[in-house]
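Peer 1: Here are the chains, one letter per residue:
There are 4 protein chains.
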Amino acid sequence: MIPRYSRKIMTDIWEAENRFKIWLEIETLACEKMAEMGTIPASVPKSLREKGNFDIERIDKIEKEVKHDVIAFLTSVAEYVGEDARFVHQGMTSSDVLDTALSVQLKQASDILIKDLEKLLEALKKRIIEHKNTLCIGRSHGIHAEPTTFGLKLASHYAAFDRAKERLIAAKEEIATCAISGAVGTYATINPSVQDYVAEKLGLKSEPVSTQIIPRDRHAMFFSVLGVIASSIENLATEIRHLQRTEVREAQEFFSKNQKGSSAMPHKKNPILTENLTGLARLVRSMSIPAMENVTLWHERDISHSSVERNIGPDATVTLDFALARLTNVIENLIIYPENMQYNLERMGGLVFSQKVLLALTQAGISREDAYRIVQKNAMEVWESNGDKQLIDLIKADEIVTNKLSNEQLDEIFDLSQYTKHVDTVLNRVLKSN
Amino acid sequence: MIPRYSRKIMTDIWEAENRFKIWLEIETLACEKMAEMGTIPASVPKSLREKGNFDIERIDKIEKEVKHDVIAFLTSVAEYVGEDARFVHQGMTSSDVLDTALSVQLKQASDILIKDLEKLLEALKKRIIEHKNTLCIGRSHGIHAEPTTFGLKLASHYAAFDRAKERLIAAKEEIATCAISGAVGTYATINPSVQDYVAEKLGLKSEPVSTQIIPRDRHAMFFSVLGVIASSIENLATEIRHLQRTEVREAQEFFSKNQKGSSAMPHKKNPILTENLTGLARLVRSMSIPAMENVTLWHERDISHSSVERNIGPDATVTLDFALARLTNVIENLIIYPENMQYNLERMGGLVFSQKVLLALTQAGISREDAYRIVQKNAMEVWESNGDKQLIDLIKADEIVTNKLSNEQLDEIFDLSQYTKHVDTVLNRVLKSN
Amino acid sequence: MIPRYSRKIMTDIWEAENRFKIWLEIETLACEKMAEMGTIPASVPKSLREKGNFDIERIDKIEKEVKHDVIAFLTSVAEYVGEDARFVHQGMTSSDVLDTALSVQLKQASDILIKDLEKLLEALKKRIIEHKNTLCIGRSHGIHAEPTTFGLKLASHYAAFDRAKERLIAAKEEIATCAISGAVGTYATINPSVQDYVAEKLGLKSEPVSTQIIPRDRHAMFFSVLGVIASSIENLATEIRHLQRTEVREAQEFFSKNQKGSSAMPHKKNPILTENLTGLARLVRSMSIPAMENVTLWHERDISHSSVERNIGPDATVTLDFALARLTNVIENLIIYPENMQYNLERMGGLVFSQKVLLALTQAGISREDAYRIVQKNAMEVWESNGDKQLIDLIKADEIVTNKLSNEQLDEIFDLSQYTKHVDTVLNRVLKSN
Amino acid sequence: MIPRYSRKIMTDIWEAENRFKIWLEIETLACEKMAEMGTIPASVPKSLREKGNFDIERIDKIEKEVKHDVIAFLTSVAEYVGEDARFVHQGMTSSDVLDTALSVQLKQASDILIKDLEKLLEALKKRIIEHKNTLCIGRSHGIHAEPTTFGLKLASHYAAFDRAKERLIAAKEEIATCAISGAVGTYATINPSVQDYVAEKLGLKSEPVSTQIIPRDRHAMFFSVLGVIASSIENLATEIRHLQRTEVREAQEFFSKNQKGSSAMPHKKNPILTENLTGLARLVRSMSIPAMENVTLWHERDISHSSVERNIGPDATVTLDFALARLTNVIENLIIYPENMQYNLERMGGLVFSQKVLLALTQAGISREDAYRIVQKNAMEVWESNGDKQLIDLIKADEIVTNKLSNEQLDEIFDLSQYTKHVDTVLNRVLKSN
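Chains as they are written, first to last, in our numbering: chain Z, 2 to 435; chain F, 2 to 435; chain X, 2 to 435; chain D, 2 to 435.
It cannot be assumed that every hint is accurate.
As the list makes no split between identical chains, a pair holds if one copy fits it or if it spans any two.
[As the list claims (entries may be wrong)] With a Cα cut of at most 20 Å, we get these calculated SDA-like pairs of lysine to any residue: (1) Lys133 - Thr12; (2) Lys378 - Arg348; (3) Lys52 - Pro315; (4) Lys133 - Lys206; (5) Lys62 - Ser7; (6) Lys173 - Ser407; (7) Lys202 - Thr403; (8) Lys390 - Tyr338; (9) Lys127 - Phe255; (10) Lys120 - Lys390; (11) Lys378 - Lys397; (12) Lys390 - Tyr344; (13) Lys52 - Ser418; (14) Lys261 - Arg374; (15) Lys133 - Asn192; (16) Lys65 - Arg8; (17) Lys258 - Lys378; (18) Lys378 - Ser257; (19) Lys258 - Lys422.
Simulated from the structure, these hints should not be mistaken for lab results. Note that the structure is a prediction, hence the values are computed from the model and not measured.
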C-alpha cells in the first residue's frame with residue numbers, strides 16, 4: 002500500500018484515529034452491559050460516554066514503555082475518564098478489543114468494496130447496453146474464432162463481478178463477528194451476554210466459540226475472496242490490454258490531454274492503467290497465502306498473525322479499493338472502435354463461418370469426419386491468403402459442397418445476424434439481478 | 002497426489018472411466034433436447050442411450066494422432082453408435098463437454114468432502130462431550146494462561162470445521178454450473194434451452210453467460226476454499242502435535258501394536274500422522290495460487306488453465322479427502338491423558354489465577370496499575386520458583402492484598418470451577434447446528 | 002505430475018527402484034567405512050556388495066505392518082544378506098538414508114534439467130542466428146514502439162535461460178549434500194568420517210551440521226529456482242502466443258498433419274503448446290511456497306516436510322523437464338513469417354521513427370518540450386489514419402521541422418538499418434558463453 | 002511495510018530523495034560518456050555536475066499533469082540546469098533510468114541485509130561458543146530423542162544464515178546490472194558504450210541484452226532469495242518459541258523492566274518477538290509469488306511489474322532488515338536456562354539412551370529385530386511411568402540383556418559424554434568461514 006495506489010476513503014479506516022475510536026466504543030459498550038448486570042458501577046459507562054477520549058501521541062509514548070498497545074490506550078483513556086477508568090476493560094483481554102475492532106474495520110472496508118463493485122457493475126452495464134449488438138470477433142487462443150458482440154464480451158465480466166459482490170457479501174458476514182470471551186475464551190471473567198450485547202450494538206454476530214481470539218480461518222477466507230476478486234480484475238484488465246494492441250485497436254484507455262505515453266516515443270498511447278491493474282491484482286492475490294498461514298496459531302492463540310494483519314489488512318483492502326475504482330474509471334471512459342471491430346471481423350476472409358459450413362454439411366448427410374476435412378482444406382487456403390481470399394467463394398466453388406448445399410443455403414450460412422440472436426437472452430440472465 | 006495419500010473413493014472420480022461416462026451423458030442429454038426441438042433426428046438420443054459407449058484405449062490411440070481429446074472420444078463413441086453419431090456434439094464445442102464434466106466431477110468431489118467433514122464433526126463432537134469438563138491449562142503464546150477444558154479446546158476446532166462445511170457447500174454451488182453455449186459462447190449454433198435442459202438433468206445451474214468456457218473465477222474460489230479448509234486441518238494437527246510433546250503429554254496419536262517410531266530409537270512414539278497432515282495442508286493451500294492465476298484467460302478463452310486443472314483438480318480434492326479422513330481417524334483414536342492435563346494445570350503454582358486476583362483487587366478499590374504491579378511481583382516469584390511456591394500462599398502473605406481481600410475471598414478466587422461455568426453455553430452455541 | 006506431462010527419463014528417478022538402489026548404495030558405502038574403521042566386521046560391506054538386494058513388493062508388505070519405510074527396506078535387504086545384515090544401518094537413522102538419497106535424486110534430476118536447458122539454449126541459438134537481422138516491430142505495452150529483430154527478441158530469452166542454467170547449477174550444488182550424523186545429528190553413534198566417505202563416493206558435499214536431517218532451506222532454495230525457471234518459460238511461451246495471434250501472425254507453433262485445432266471450427270490453428278506451458282509454469286511456481294514453509298521444522302526435526310516432498314519432488318522436476326523439452330520442441334519447429342513481420346512493421350505509417358525525429362529536432366536546437374509536441378501532433382495524425390498517412394510525409398510538410406532539418410536528413414532518419422547496427426554486439430555478449 | 006516494523010537505514014533507500022539522486026547520477030554519467038563520444042556538447046555533463054538538482058514537490062506537481070514520472074523529473078532538472086538540459090536523457094528511455102536505479106537501490110538494500118546477516122552470525126557465534134557443551138535434549142517430532150548441546154542447536158541455524166549470506170551475495174550479483182539500451186533495447190539511439198560506462202561507474206554489471214527493461218527473472222530470483230531467508234528466520238524464531246513454552250522453559254526472550262505481557266494476566270512473559278518474526282516471515286515469503294509472476298511481460302515490456310515492485314521493493318527489504326535486526330537482538334539477549342535443560346534431559350528416566358542399548362545388543366550378537374523388541378519393551382515401561390522408572394534399572398534387571406552385557410558396559414552406555422565428543426568437529430566445520 003503506497004499513497005500512489007490508495008484512496009483516502011479506505012486508508013481512513015486504517016488510521017489510528019478510527020481504530021482507537023472503535024476500541025473506545027467497544028470498551029464503552031462492554032461497560033454498558035456490565036453496569037446493567039451490576040458487575041461494575043453504573044457511573045462507568047456514563048463517564049465513558051461523557052468524558053471518554055484518547056490522545057494518539059500519548060498512546061504512542063506509553064506504548065514505547067510498556068510495549069503493549071491496549072494497555073497504552075487504556076492508560077490514555079483513564080487520563081480523560083478519571084476514577085471510573087479502573088472498571089474499564091474489566092475481565093477482558095486485549096484480543097477482545099483488538100479482534101472485534103478488526104472485525105469492524107474489515108466490515109467497514111467491505112462496505113466500501115461492495116459499493117466499489119456496484120459502481121463497476123453500473124459502469125459495465127452502461128457499456129454493455131450501449132454495445133450489446135456491436136459485432137466483433139470472438140477469439141479463442143488468441144485466434145479468430147467466431148463473431149460475438151462487444152456487449153456480450155463485457156457481460157461475462159459483469160457476471161464475474163456480480164459473483165464477486167456475492168462473495169464479498171458472504172466474506173463480510175464471515176468476518177463480522179464479535180468475541181469478548183476473556184482469557185483463553187472461557188468467559189470466566191466476563192459474562193457471555195456482554196459479548197452478545199456488544200455484537201448487537203456493533204451490527205456483528207456473536208462468535209459462538211473463541212479462544213481469546215476470533216478464529217483466523219475467517220480472515221483467511223476473507224483475504225482469499227479479495228484475491229479471487231483481484232484475479233477477476235486482472236482478467237478484464239488483460240482483455241482491455243489485448244484490445245488496445247496496435248494490431249487490434251478495438252478499444253483504448255482514455256488518454257488525457259497532457260498525458261505523455263513515452264519520454265522517448267511521442268507516438269505512443271499505452272494501456273498503462275490496465276497494466277497497472279494487472280500488477281495490483283498480483284499483489285492482492287499473494288496476500289491470501291500469509292492469511293491462510295495465519296490460521297494455525299499455537300494452542301489458544303499466539304500473536305504471529307498480528308504482524309501479517311497489520312500489513313495485509315490495510316494493503317489488501319486499500320489496493321483492491323483503488324483497483325476497483327481505477328477499473329470503473331477505465332470502463333467509463335474506454336474508447337471503443339466499432340469500425341475497427343468490423344475490420345478485424347472481416348479481415349480473415351469469412352473464416353469465422355467455417356463451423357456453420359461444417360454443420361450444414363453434416364446436416365446434409367456428409368459424415369462429420371469428411372465434412373471437417375472439406376472445410377478445413379478450404380479454410381486453410383483462406384488462412385494462407387491472409388484473408389485475401391474469401392471462404393464463401395472457395396466453398397461455392399467446391400463441388401463436394403455444392404452437391405449438398407445450394408447457393409441460397411450458403412448465403413444464409415455466411416450471415417452475421419445469427420451471432421446476435423441470443424444476445425438479449427443472455428443479457429436478461431446476466432443483468433436481471435440489478 | 003500419490004497413492005500413499007489417496008483414497009479410492011476420490012481417485013475414482015478422476016479416472017478416465019468416470020470422466021468419459023460424464024462426457025457421454027452430457028452428449029446424450031444434449032441430443033435429447035436437440036431431438037425434442039427437432040434440430041436432430043429423434044433416433045440420435047435413442048441410439049446413444051442404447052448403444053452409446055466408448056473404449057478408453059481406443060481413445061488414447063486416436064488422441065495421439067489428432068491431438069484433441071474430445072474429437073478422439075467422439076470418434077470412439079461413433080464406432081459404437083454408427084450412423085447417428087454424426088449428429089452428436091452438433092453445434093457444440095469441446096469446452097461445452099469438458100467444462101460441464103469438470104463441474105460434475107467437482108460436485109462429486111464436493112459431496113465426498115462434505116461427508117468427510119460431517120464425519121470429522123461427528124468424531125469431534127463425541128470427544129467434546131466426553132471431555133467437556135476435563136480441565137486443562139489454556140495457553141497463549143505457548144505460555145500457561147488460564148484453565149479451560151479439553152472439550153472447549155476441541156469445540157473451537159469443531160466450529161472451524163462447521164464453517165468449513167458451510168464454505169464447501171457454497172463452493173460446490175459456485176462450481177456446479179453447466180455451460181453449453183457453443184463457440185465463444187454466443188449460442189449461435191446451439192439453443193440456450195439445450196444448456197438449461199442438460200443443467201437441470203445433471204443437477205447443475207445453467208451458466209448465465211459463458212465465453213465458450215465456464216468462467217474460472219468459480220474454480221479459483223473453489224480451490225481457495227479447499228486451501229482454507231486445509232489450513233484449519235493444519236491448525237488442529239498442530240494442536241495435537243503440541244499436546245503430544247514429551248514435556249506436555251496431554252494427548253497422543255494412537256500407535257498401533259507393531260508400529261515402529263524410529264529405526265534407531267526404540268523408545269519413540271511420534272505424532273507422525275498430524276505432522277503428515279501439516280505437510281498435506283501446505284500442498285492443498287499452495288494450489289489456490291495457480292487456480293487464481295487461471296482466472297485470466299485471453300479473450301474468450303485460452304487453454305492454459307487446463308494443465309493446471311488436470312493436476313490440481315485431482316491433487317487438491319484427493320489430498321484433502323485423505324487428510325480429512327486421516328484427521329477423523331486421529332481424533333477418534335486420540336489417547337487423552339486427563340491426569341497429565343491436571344498435572345500441567347497445577348505445575349505453575351496457581352499462577353493461572355493471577356488475573357482473578359487482579360480483578361478482585363481492582364474491585365476492592367485499588368487502581369488497575371497498582372493491582373497489576375502487586376500481582377505481577379508475586380506472580381514472578383512463583384514463576385521463578387518453577388511452581389514450587391504457590392501463588393495463593395504469597396498472596397495471602399502480602400499485606401497490601403490482605404488489607405483489601407479476606408482469606409475466604411481469596412479461596413474463592415483460587416477455585417477452578419469458575420472456568421467451566423460457561424462451557425455448556427458455548428457448547429450449545431457450537432453444537433446446535435447438528 | 003500426470004503421465005500426459007511427464008517424460009520417462011525423469012519419472013524413473015522417482016521410481017521405487019531407483020530410490021531403493023540409492024538407499025542400498027548409501028548403506029553399503031557406510032558399511033565400507035565402518036568396516037574400515039573396525040566398527041563392524043569386514044564381511045558386512047562384502048556381503049552387501051555380493052548379495053545386497055531388495056524386493057519392492059516385500060517392502061510394501063512389511064511397511065504396511067511396521068509403518069516405517071526404512072525399517073521395511075532393511076528387513077527386505079536382510080532377507081538377502083543374511084547374518085551380516087544386523088550390522089547394516091548401525092548407528093544411523095532413517096533420515097541419514099532418506100535425506101542423502103533425496104540429495105542424490107535431486108542431483109540426478111538437476112543433471113537432466115541442466116541438459117534440458119542446454120538443448121533449449123542450442124535450439125534458441127540456431128533460431129537467433131537464423132533471424133538475427135530479420136526486422137520486426139518491437140512492442141512495449143502491446144503498442145508498436147520501434148523496430149528490432151527477431152533474433153534480438155530471442156536473444157533476451159536465450160540470456161534468461163542461460164541465467165537459468167547458472168542458477169540451476171548453483172541450486173544443484175546447494176542440494177547435493179550428504180548427512181549421516183545419527184539421531185539429532187550429534188554423530189554420537191556414527192563417526193563423522195563415515196559421512197565424509199559416503200559423500201565423496203556419491204559426489205556430494207559433506208553437510209557441515211545437520212540435525213538428523215539435511216536443513217530444508219536448501220530444498221526451499223532449490224524449488225524456488227525451479228519456480229523462477231518456470232516463470233522464464235512462461236515468458237517465452239507468452240511471447241509466442243502473442244506472435245501467433247490472428248492479427249499479428251509473425252510466428253506459429255508447428256501444427257502436425259492430422260492435428261485438429263478445434264472440434265467445432267475447422268479453420269483453427271491454436272498455440273496450444275505454449276498455452277500448455279503457461280499452465281505448467283503456474284504449477285511449478287506454486288510449489289516454491291510449500292517448499293519454503295517446509296524450512297520451519299520443530300526442534301531437531303519433524304516429518305511434516307516429507308509429504309510435501311514426496312509430491313513436489315517428482316511434480317516440480319518432472320513438470321519442469323517436460324516443459325523444457327516441450328519448449329525446445331516448439332522453438333525448433335516454430336514457423337516464422339518474416340513477411341508478416343515486415344507488414345506489421347510498416348502498417349503504422351512510419352510512426353516507429355518518431356523518436357528519431359524528436360532527437361534530430363532537439364539536436365537542431367529545438368527544446369525537448371517543443372520537439373515532443375511537434376512530433377506528437379504529427380504522430381497522432383498518422384495514428385488516427387490507421388497508418389494510411391505516412392509520418393515522413395507529414396513531417397516533410399511541417400514547416401517548423403523543415404526549418405531545422407533538410408530532406409536528406411529526414412530520409413536518413415526514416416531508415417531501418419540503424420536498428421540493426423548493434424545486433425552483433427549484443428549477440429556477441431549473449432552467446433559468448435557457449 | 003509499516004513504521005512499526007521498519008528501520009530508517011532501509012526506508013531511506015526507498016525515499017524519493019535517494020531515488021531521484023540516483024536518477025540524476027545516471028543521467029549525468031550517461032551525459033559524461035555521450036559528451037566524451039561527441040554525441041552531445043561537453044558542457045552538458047559539466048552543467049549537470051555543477052547545477053544538477055531537483056525539487057521533489059515540483060516533480061510531484063508536474064507528474065500530476067503529464068502522468069509520467071521520468072518526464073516530470075527531467076522537467077524539474079531542466080529548471081536547474083537551463084539550456085543544456087535538452088541534451089539530457091537523449092536517446093534514452095525512462096526504463097534506462099528506472100531500472101538501473103532500481104538495481105542500485107536493491108544493491109544498497111542487499112549491502113544492508115548482508116551486514117544484518119553478519120551481525121546475526123556474530124551474535125549466534127557468541128552464544129554457540131558460550132553453550133557449545135551445554136547439554137540439552139534433542140527432540141524429533143517434539144518427542145525427546147537423544148541428548149545434544151545448545152551450541153549444536155544454534156550451530157545449525159548459524160549454518161543456515163551463513164548459506165543465507167552466500168545466497169544474498171549471489172542475489173545481489175544477479176540484480177546489480179545496468180541497462181541503457183534505448184527503446185526496445187536496440188541501442189539504436191544510444192551507443193552500448195554508454196551503458197558500459199555507467200555500469201562501471203555505478204559498480205554494476207553491463208546487461209548483455211535488455212528489451213528496454215532489465216529482465217525480471219533477475220528480480221524474481223532476488224525476492225525468492227529473500228523469501229528463503231525469511232523462512233530461515235521463521236525456523237529459528239519457532240525454535241525459541243518452543244524453548245520458551247511453560248513446560249519446556251529452556252530459553253526466554255529478554256523481557257524489559259516495564260514491559261507488560263498481558264493486559265489481563267500479570268504473570269505472563271510471552272515470546273512476542275519471535276512470534277512477530279514468524280508473521281514477518283510469512284509476509285516476505287509471500288512476495289516471491291508476485292515477483293515470479295512479474296517475469297512474464299508482454300513483448301519487449303509492459304509496465305505491470307511496476308506497481309508490484311513499488312510495493313515489494315520496499316516491503317520485502319524493509320521487513321527483512323527489521324526481522325534480521327530483531328532476531329539478532331533476540332539472540333544477543335536470549336536468557337538461557339541450562340538447569341532447565343538438564344532437568345528436561347533427565348525427566349524421562351534415561352530413555353534417551355535407548356538407541357545405545359540397542360546398538361550394544363546388536364554388537365553383542367542379538368539380531369536387530371530382537372534387540373529392538375527388547376529395548377522397546379523396557380523403554381515403554383519407563384515412558385508410561387512418566388520417567389519415574391529409570392531405563393538403566395530396568396535394563397540391568399532384564400536377563401536377556403545381562404546375558405550379553407556386563408554392568409560396566411551398561412554404565413558406559415548410560416553416559417552423557419558421548420553426545421558431546423564431536424561438537425568441536427562440527428563447530429570447526431560450521432564456524433570456519435568466519
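Peer 1: Give a verdict on every hint.
Peer 2: Verification of the supplied hints:
no., hint, in the structure
1, Lys133 - Thr12, "neither (37 Å within a copy, 44 Å between copies)"
2, Lys378 - Arg348, "within (19 Å within a copy, 29 Å between copies)"
3, Lys52 - Pro315, "neither (30 Å within a copy, 41 Å between copies)"
4, Lys133 - Lys206, "neither (43 Å within a copy, 24 Å between copies)"
5, Lys62 - Ser7, "between (28 Å within a copy, 18 Å between copies)"
6, Lys173 - Ser407, "neither (60 Å within a copy, 49 Å between copies)"
7, Lys202 - Thr403, "neither (77 Å within a copy, 40 Å between copies)"
8, Lys390 - Tyr338, "between (25 Å within a copy, 19 Å between copies)"
9, Lys127 - Phe255, "within (17 Å within a copy, 42 Å between copies)"
10, Lys120 - Lys390, "neither (46 Å within a copy, 40 Å between copies)"
11, Lys378 - Lys397, "within (14 Å within a copy, 48 Å between copies)"
12, Lys390 - Tyr344, "both (15 Å within a copy, 18 Å between copies)"
13, Lys52 - Ser418, "neither (72 Å within a copy, 38 Å between copies)"
14, Lys261 - Arg374, "between (51 Å within a copy, 10 Å between copies)"
15, Lys133 - Asn192, "between (59 Å within a copy, 19 Å between copies)"
16, Lys65 - Arg8, "between (30 Å within a copy, 15 Å between copies)"
17, Lys258 - Lys378, "between (50 Å within a copy, 12 Å between copies)"
18, Lys378 - Ser257, "between (48 Å within a copy, 14 Å between copies)"
19, Lys258 - Lys422, "neither (40 Å within a copy, 36 Å between copies)"
Hint compliance for this structure: hints 1, 3, 4, 6, 7, 10, 13, 19 are not met, and every other hint is.
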